[in-house]
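**Student:** Sequence:
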Amino acid sequence: MGWRGFTIGGGLAAAIAGAALASGCATTSQAADPLPSALEAGWAGERVCSLQHQTATHRILRCTFPPGVGHERHFHPAHYGYALSGGTMRITDASGTRTVDLATGADYASDGTPWHEVVNVGDTTVTYLIVEQL
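Quick note, the sequence shown lines up with residues 1 to 134 if you use my numbering.
Since the hints were derived computationally from the structure, they do not count as laboratory data.
Bear in mind that the values here come from a model prediction, so they are computed numbers and not experimental data.
Check the hints yourself; a few may be wrong.
As the list claims (entries may be wrong) - Ranges between beta-carbon positions, derived for each pair: (1) 51 to 85: 18 to 26 Å; (2) 55 to 121: 31 to 39 Å; (3) 110 to 33: 20 to 28 Å.
Note that CB positions come from ideal geometry on N, CA and C, so glycine has one too.
Taking the hints into account, I'd like the entire structure generated from these sequences.
**Tutor:** In structure tokens form, the structure reads like this:
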């Protein structure tokens, strides 16, 4: 096990890891709670997406964001998105934060999103259809 050019032998590494766990220190896997899916995630305790249809392989979500409403941090499996009604969204993900003007009828496809969060920063209600692969 190495860290910044130092090498720790297997026995010492196991002892350090055991001591950390015994003392209640969080490990990387313990520190992060699993993220909710887009369907499970919400905003201020309320869901913003509803399940429209589901099969064994796909589900269709309708997600509605009035002005000032967002979607807490969540993940997506591979999916396709279509804007039923556009607007201005602020998106935060691993690459940073950006503001996007989304046109009605705009669409996109994604191989999956490990995490992101969004907020409607415009003055119109934004509505998406999202088709997720299960």
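**Student:** None of the hints should be skipped; say for each whether it holds.
**Tutor:** Outcome of the hint check:
1. 51 to 85: 18 to 26 Å: Since residue 51 and residue 85 have Cβ atoms about 19 Å apart, the given range 18 to 26 Å holds.
2. 55 to 121: 31 to 39 Å: Between residue 55 and residue 121, where Cβ atoms are some 34 Å apart, the hint holds.
3. 110 to 33: 20 to 28 Å: With a Cβ separation near 23 Å, residue 110 and residue 33 satisfy 20 to 28 Å, so the hint holds.
Checked against the numbered hints above, the structure violates none of them.
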